[in-house]
Amino acid sequence: MRTIDEINEKIQAKRAVVWTVEELKANVVEMGVKKVAQMVDVVTTGTFEPMESSGAILNLGQPDPPIKIRQCWLDGVAAYAGFGAVDLYLGASQSADYSGSGEVSDLEELREMRSRSPQQELGGGHVIADLIAGKPVKLRAIGQVTDCYPRASIETTITRDTINQFYLYNPRNLYQNFIVGVNGGDRPLFTYLGPLQPQLGNAVFSNPGALSPLLNDPDLQVVGIGSRIFLGGGIGYVAWEGTQHFPLQKRLPNRTPIGPAATLALIGDAKQMDARWVRGCYFKSYGPSLMLGIGVPLPVLNETVVERCAVRDEDLVAPVVDFAIPRRVRPNFGLVSYAQLKSGQITIDGKRVRVAPLASIFLARQVAETLKQWIEQGEFTLTQPVASLPSDRPFLAQDRWGAQINLE
Amino acid sequence: MKKRVTLTFPKRTVHMPVTYRLAKDFNVAANIIRAEVAPNQVGTLVVELSGDIDQLDAALEWLRVQEIDISATSREIMIDEDACVHCGLCTGVCPTEALSLNRDTFQLVFTRSRCIVCEQCIPTCPVQAIATNI
Numbered sequence: 311m312r313t314i315d316e317i318n319e320k321i322q323a324k325r326a327v328v329w330t331v332e333e334l335k336a337n338v339v340e341m342g343v344k345k346v347a348q349m350v351d352v353v354t355t356g357t358f359e360p361m362e363s364s365g366a367i368l369n370l371g372q373p374d375p376p377i378k379i380r381q382c383w384l385d386g387v388a389a390y391a392g393f394g395a396v397d398l399y400l401g402a403s404q405s406a407d408y409s410g411s412g413e414v415s416d417l418e419e420l421r422e423m424r425s426r427s428p429q430q431e432l433g434g435g436h437v438i439a440d441l442i443a444g445k446p447v448k449l450r451a452i453g454q455v456t457d458c459y460p461r462a463s464i465e466t467t468i469t470r471d472t473i474n475q476f477y478l479y480n481p482r483n484l485y486q487n488f489i490v491g492v493n494g495g496d497r498p499l500f501t502y503l504g505p506l507q508p509q510l511g512n513a514v515f516s517n518p519g520a521l522s523p524l525l526n527d528p529d530l531q532v533v534g535i536g537s538r539i540f541l542g543g544g545i546g547y548v549a550w551e552g553t554q555h556f557p558l559q560k561r562l563p564n565r566t567p568i569g570p571a572a573t574l575a576l577i578g579d580a581k582q583m584d585a586r587w588v589r590g591c592y593f594k595s596y597g598p599s600l601m602l603g604i605g606v607p608l609p610v611l612n613e614t615v616v617e618r619c620a621v622r623d624e625d626l627v628a629p630v631v632d633f634a635i636p637r638r639v640r641p642n643f644g645l646v647s648y649a650q651l652k653s654g655q656i657t658i659d660g661k662r663v664r665v666a667p668l669a670s671i672f673l674a675r676q677v678a679e680t681l682k683q684w685i686e687q688g689e690f691t692l693t694q695p696v697a698s699l700p701s702d703r704p705f706l707a708q709d710r711w712g713a714q715i716n717l718e
Numbered sequence: 006m007k008k009r010v011t012l013t014f015p016k017r018t019v020h021m022p023v024t025y026r027l028a029k030d031f032n033v034a035a036n037i038i039r040a041e042v043a044p045n046q047v048g049t050l051v052v053e054l055s056g057d058i059d060q061l062d063a064a065l066e067w068l069r070v071q072e073i074d075i076s077a078t079s080r081e082i083m084i085d086e087d088a089c090v091h092c093g094l095c096t097g098v099c100p101t102e103a104l105s106l107n108r109d110t111f112q113l114v115f116t117r118s119r120c121i122v123c124e125q126c127i128p129t130c131p132v133q134a135i136a137t138n139i
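Same order as they appear, the protein sequences are chains A and B.
Residue numbers for the first sequence follow this note's numbering, so the first one is 311 and each next one is one higher.
Residue numbers for the second sequence follow this note's numbering, so the first one is 6 and each next one is one higher.
Isolated chain B, as found in the complex (with noise of 0.2 angstroms):
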């Protein structure tokens, strides 16, 4: 199964390597999508998890020992239907191509699970119609 969760690390915590200990110990792939990580400050990663259902929990279980703050609820993209043309400018921006138009009724798709939070599309967009969750 795949979890996508935010990591916040505390500052001890970002020599540690987590992302192979993940893979070592627990048999669990981290798709980095989002990072920001710098030397003695609080890093932040955004991570697709997948993995065994059980071995994805004691991952996490030991994320937490770790001090690691995991939260479900990362950013998110959010589209407001009534404000959207689906002009479609969006989609040339999006580098994973999360945003695309139907190519028969033109309209504007948003597969999330494709999204890796860039948020080129929210400047991008002409009508104002994309924002983050938070």
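Chain A extracted, bound-state conformation (with noise of 0.2 angstroms):
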């Protein structure tokens, strides 16, 4: 029907016709697939929810004489620096550590100078959106001393445009559908999706379901290594799998996964993303961890895509898992569909349960809309994925310890 090659043609023309992912599915239900795949060139997807897998690499230029640093913290956060001398991978989820990183009035003055209250939990989540945010971050490196790198230590403060390099590398990503967590046990739950209250209290699903990005394209069709999208107002790139990629999970007829499936491993340019985008955010209780807006484009390139697209909420279903269990696989209440969990409420065992969300819909819709208007003005043109992602991952636990009781 159509290629990228020439949707990047009527793109640098201005002449593109570009679709949020909503706008779309309301059409599909007006005009059908074959009108609708004739009219678009391209639907935009957005999500916005916290992703704990993701992470900064700094180079922060050396200082004379030169470092090669073993140890350090940004803000007090650990970053890891076993690379060569000034390079530095600052995680997401790594909570404010000072142990071995100096007196306990730095603490304080540290604390003072982010004006946040001490009760407040920091992670590198908030370094990274600090950092974004074109804020000062103080740095603490502890060096080993060599031939190469004389220097034992170094104390400084780093904003985005003191450093090199600084891009986000995120492990896993977008995950491909997600979990519905409650809480059956007898007392309240601290979870990453937040407080679980007991005997069912409330329920949290974390993904925007049919605006979120690859529950539109179940089958990594037109999304591959090499596609560009937005990442944090700023353009990235899928970089590979993600980490726990489980292609295989069981799916419904219209190819969308009952569970958590695909994920994708991203790479973008943080020097150019936008602070609205990228927040650094807290769980009571579990950690911190950083909320990213992400929007991905998807080619027209035939009818198909337009028939995955316009999945709907009423469409996808995502299993409701008991946190009250503290085991790797959780007994589960059955499968919800979005447009239940959307409406607020849900019943389970008879009984109904309050249902938040932890994706934010409103700011997913923005992300879309804003890679609608990037797309229109010819700003952003899409890219021929160079591989295409696997699709045939087993998803491996770590079970060699202990007794091999094969339960089914």
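Just to be clear, a hint being listed does not mean it is correct.
To list a few chain B residues with every Cβ distance to chain A over 12 angstroms, as calculated [to be verified]:
hint : residue
1    : 22
2    : 36
3    : 47
4    : 90
5    : 119
6    : 120
Label-pair distances were calculated between CB atoms; the ranges are [stated by the list, open to error]:
hint : chain 1 : residue 1 : chain 2 : residue 2 : range
7    : B       : 100       : A       : 372       : 54 to 60 angstroms
8    : B       : 107       : A       : 687       : 28 to 34 angstroms
9    : B       : 108       : A       : 700       : 37 to 43 angstroms
Worth flagging that the hints you see were computed from the coordinates, not collected in a lab.
Every residue gets a Cβ at the ideal spot worked out from N, C-alpha and C, and that includes glycine.
Bring the two chains, given one by one in their own frames, into a single complex with the hints.
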């Protein structure tokens, strides 16, 4: 029907027809797949949700005399330094940890500088967001003294403009579907989905459903390695399959998975990102994370693309998982549709349970809308993936240390 | 009319059945929103009083005579609009549905009149956008 090259020609001429995936879904109901596929060139999807498997690569530039950093803290949050001399990797879910990093007075000074109240928890996600917002971040590093790198330590302040490279490399983003968390136990639980109240007091889901990028390309037919995307308000790319990529998850006849499935590793220049789409966050008694706005354009190469994008919240499901059982495989209360979840209420074992999202559907829509505008204005062209993402990865567990009993 | 006030009781008035007197003598309904009362300690009560305007004024005057401190500025939940990402996580823990999501736009809506200031939303908010004004 069309090729990516043809679409890009239209984008550059500002003639491309771009719809958000919600506009497409509405129009398919009105006009049908065939007609819509002829009209539209690109469909934009979006999400805004916590993605804790995110991180930033930083290269500081060398001081004089130079240093080979072995331990390092950015605003008190440890960054991994086991690379070349001044390369660092700061993970979003790393908590502030001052042990070994200096005096208590420094901690207080630091907190004052950040004007956060002391009980507020800080982590890698906040530091990444602060750097993207252009704020100064305090750096303290301990080096290994060698003939090449004589310096033993350094304390300084960095901003995104005073360091060489600053890019996000996120090992696991854009979960294709996720779970719904509930608590069937008798005490409150504090989870990566936020607080779950006992006796099925509430339920939390974290995927935006029909807006979500990978639920609109369930078999990863048009998204692949090298796909250009909207990442945190800047331009990013699909780098690789994500960790725990599990395309073999059970699927409905519409090909969408019934639980967590494909994931993507993403990369993008953080210096071009916008703090509006990159927010540090913290889950009480669980830890810090990073909320990210990510948008993926889907080229309408054929009718199948439109057919897959037409999927509605009624056609998408997620499993309701009981976090009260502290095991890897937790019991679940069956599947619920995203239409039910977004109604704010589900029924579990005959009991009405309030449901809250954790993905911001409001901001996810704005991501899709912003990406649409970029493409319409000719600022963002599409890329042909250089390789497909694997479709046959199994999901292994670390069981070898225990008794090998097969319960199935 | 309705009026939300914070009542602070001196130790010796803790034994007085205040809500009973308000109902019986002034025909004022006192909906207790928050309470911190213990024997021989200063007590605090956040109540929403509803009744006829004249009787409400008379009731407040009577409370003053009993040396119960009345403060109209009760603690309130404040939402930082710039920090809020409208994720909606707080709506799941809000017992009175004062916090809800607009089902069309999915923006957070705070209905202050329904809020009982239980403060469960404060630690729940992942971006620290919710606080009290005190």
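Okay, the hints, checked on the actual structure:
1. With a minimum CB-CB distance of about 33 angstroms to chain A, residue 22 of chain B clears the 12 angstroms threshold, and the non-interface call stands.
2. The Cβ of residue 36 of chain B lies farther than 12 angstroms from every Cβ of chain A, with a closest approach of about 23 angstroms, so its non-interface assignment holds.
3. Listed as a non-interface residue, residue 47 of chain B keeps its Cβ farther than 12 angstroms from every Cβ of chain A; the least gap is roughly 26 angstroms.
4. The non-interface label for residue 90 of chain B is inconsistent with chain A: the shortest C-beta to C-beta separation is roughly 5 angstroms, within 12 angstroms.
5. Once the 12 angstroms rule is applied to beta carbons, residue 119 of chain B is consistent with being away from chain A; the minimum gap is 15 angstroms.
6. Every C-beta of chain A lies more than 12 angstroms from that of residue 120 of chain B, the closest at about 16 angstroms, which supports listing it as non-interface.
7. For residue 100 of chain B and residue 372 of chain A, the Cβ-Cβ distance of about 56 angstroms falls inside the hinted range of 54 to 60 angstroms, so the restraint holds.
8. Checked against the given bound of 28 to 34 angstroms, the beta carbons of residue 107 of chain B and residue 687 of chain A, roughly 29 angstroms apart, stay inside it.
9. Separated by about 38 angstroms at the C-beta atoms, residue 108 of chain B and residue 700 of chain A satisfy the suggested range of 37 to 43 angstroms.
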